[in-house]
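Asks: Chains as they are written, first to last, in our numbering: chain A, 1 to 269; chain B, 1 to 348.
Zero decoy hints are in this set.
Quick partial rundown of chain B residues pointing at chain A, CB under 7 Å, derived from the structure:
{"id": "1", "residue": "89"}
{"id": "2", "residue": "94"}
{"id": "3", "residue": "101"}
{"id": "4", "residue": "105"}
{"id": "5", "residue": "114"}
No wet-lab data here; the hints were simulated from the structure.
By construction, the Cβ of each residue, glycine as well, lies at the ideal position given by its N, Cα and C atoms.
One-letter residues, chain by chain:
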Amino acid sequence: MLPLLALVPLSLSEPLSRFGLDTVFNGRIANYLEVLQTYGPILVRSFGFAAIATALGLVLAYPLAFAIRFRGGRWQPLLIGLVVLPSLTSYLVRAIAWTSLLGDNGPVLALVEALGLTGVLDGLGVLRDGRLLNTAAAVILGLTNNLLPFLVLPLVVAMERIDPRLLEAANDLHAGPLRSFVQVVWPLSLPGLGAGILLSLIPAAGDVVNPLFLGGPNERMIANTIDNLLLVQLQAPRAAALTLVLMALITLAVLLQLRGRGIEELPLP
Amino acid sequence: MLTEPARENGSIEALPSDVIALRNVSRRYGDAAAIEDLSLSIAAGEFFSLLGPSGCGKTTTLRLIAGFDRPQAGRILLQGRDLTEAPPHRRPVNLVFQNYALFPHLSVWDNVAFGPRSQRLTEPEIRRRVGEVLEVVRLPELARRRPHQLSGGQQQRVALARALVNAPAALLLDEPLAALDPDLRRTMRSELKRIQREVGITFLLVTHDREEALSLSDRLAVLHGGRLEQVGTPRQLYDHPRSAVVATFLGAANLLPEGAAGGLRLLRPERLRLSASPPTEGERGLRARVRELAFQGATVEVRLCCADDLPLIAIDTSAALPENLRIGTELWCRWDPADSHLLEASLP
Numbered sequence: 001m002l003p004l005l006a007l008v009p010l011s012l013s014e015p016l017s018r019f020g021l022d023t024v025f026n027g028r029i030a031n032y033l034e035v036l037q038t039y040g041p042i043l044v045r046s047f048g049f050a051a052i053a054t055a056l057g058l059v060l061a062y063p064l065a066f067a068i069r070f071r072g073g074r075w076q077p078l079l080i081g082l083v084v085l086p087s088l089t090s091y092l093v094r095a096i097a098w099t100s101l102l103g104d105n106g107p108v109l110a111l112v113e114a115l116g117l118t119g120v121l122d123g124l125g126v127l128r129d130g131r132l133l134n135t136a137a138a139v140i141l142g143l144t145n146n147l148l149p150f151l152v153l154p155l156v157v158a159m160e161r162i163d164p165r166l167l168e169a170a171n172d173l174h175a176g177p178l179r180s181f182v183q184v185v186w187p188l189s190l191p192g193l194g195a196g197i198l199l200s201l202i203p204a205a206g207d208v209v210n211p212l213f214l215g216g217p218n219e220r221m222i223a224n225t226i227d228n229l230l231l232v233q234l235q236a237p238r239a240a241a242l243t244l245v246l247m248a249l250i251t252l253a254v255l256l257q258l259r260g261r262g263i264e265e266l267p268l269p
Numbered sequence: 001m002l003t004e005p006a007r008e009n010g011s012i013e014a015l016p017s018d019v020i021a022l023r024n025v026s027r028r029y030g031d032a033a034a035i036e037d038l039s040l041s042i043a044a045g046e047f048f049s050l051l052g053p054s055g056c057g058k059t060t061t062l063r064l065i066a067g068f069d070r071p072q073a074g075r076i077l078l079q080g081r082d083l084t085e086a087p088p089h090r091r092p093v094n095l096v097f098q099n100y101a102l103f104p105h106l107s108v109w110d111n112v113a114f115g116p117r118s119q120r121l122t123e124p125e126i127r128r129r130v131g132e133v134l135e136v137v138r139l140p141e142l143a144r145r146r147p148h149q150l151s152g153g154q155q156q157r158v159a160l161a162r163a164l165v166n167a168p169a170a171l172l173l174d175e176p177l178a179a180l181d182p183d184l185r186r187t188m189r190s191e192l193k194r195i196q197r198e199v200g201i202t203f204l205l206v207t208h209d210r211e212e213a214l215s216l217s218d219r220l221a222v223l224h225g226g227r228l229e230q231v232g233t234p235r236q237l238y239d240h241p242r243s244a245v246v247a248t249f250l251g252a253a254n255l256l257p258e259g260a261a262g263g264l265r266l267l268r269p270e271r272l273r274l275s276a277s278p279p280t281e282g283e284r285g286l287r288a289r290v291r292e293l294a295f296q297g298a299t300v301e302v303r304l305c306c307a308d309d310l311p312l313i314a315i316d317t318s319a320a321l322p323e324n325l326r327i328g329t330e331l332w333c334r335w336d337p338a339d340s341h342l343l344e345a346s347l348p
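Input sequences plus hints: build the corresponding full structure.
Replies: So, in structure tokens, the structure goes:
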């Protein structure tokens, strides 16, 4: 928390010169207005990318978690290991690995071509001029890959707490597999879903590496901008202001999530 | 309610009116047989218990009837229809789970309404049924609570209501009272009996508690090692067990050797009279020495030892016992031969 608090006065300062990081505090609230005006679209894009990546991740993670929990049997620890394993490598390395997978001579494009989907995907805006690198799709793919374990693990934990006898009970009470899922598994997995979304959305929105390696200039995200403001433009106060805006938005998301959970836990009147 | 089943009590022959009929059902897990060639018939309106020690196959039997498991051999008939392969949600029976398995995210009302909603009953019909069944289990004022806000006994009532609301052909109960403390268990035991009388539905209770089985059941079956030992009314099984297993499982038993072929004669401890005077004409008697005395309130349990090291247990009210009874006292154990019973089968 302390480094974060130190950013507050910095965000209200002005650089002493254009060539150094030294600043003077003068209560310059205009920093906030300027960064919001200039970088608002990038902020929106960052959360947009993060949201799409999280949504895509969920489509993969929910069935995966369900299978690990309810069909994994004795393979469960191994399956969880396989989900976590990629996170043990540096995500810089992973991003670089993706560049070769998604590159112009890489296997992904070869597959797309073999399936004759180049035109379709180009039309959908997934590819740009038959290329995958430097597209939003590539950045989102990279983000999805990074956040998958953060979705799967909380979901598995939440589902682990669902007593399998509850499913038997639902089944015994004349609910088929679909109704058992909708009425029992889904509501009881919601805490894991909420936690997973938060755990993925936050790092995804603040990601530096994926847009840098997999995206072009038009796919820069907010963390790249902060990076750039601080280290290239030497605008420490604005970088601080933008960081605090980002933090405020994330805190808001956390509070919303906690409030949602709070209501659910409340006993009915 | 049916008090006398329309057949000889020990019979396992199925009748068309039977709610549950198992025919030569076997279930093995790997090499171990959980149940072997089990045949059983339960009539409409009966309170039937499956009694046996843990691992005897009684829970497996219940899960086969509920549809959570399939037998490798044999057929399961419910209301005369062969439903051996039907999934649980297509069977006209409902199960009360041992740990209740209430839905933690649903209110009492919604827990109970779960079955009727699955069956797509109309909303007024659901309201009527849930309201009614909550009255039967005496919980209407707790309808909006969540399960974790209820006591163990209340959760038990919700579990009962949730199953009964579906008006099943038979209610299956898996050790329903095992999780309750002893006082509550007694209360819920009479509640079970009352509810069964009120709704008139067939109850199939699985338990390892002999008092529970003896006091609740119209008929009961003793399972041992996956096989049916004996079926009958509580009194039949208690007084006239076929084997030593049934005799000892249903209560304290003195088993006296009889004849050279390993025959055994059952003598219940409460049938023994202890006295200083020898047996009169028509009575039998053994000389024995008191080894242990256990005062149990209403009764005293006396453990004795006969001349040839044969142990005996006698249970009597304190008033009926000879005075000055203490460890080491030598006296007569007397009984009326009519109160004893020769077992068909020998030692297990």
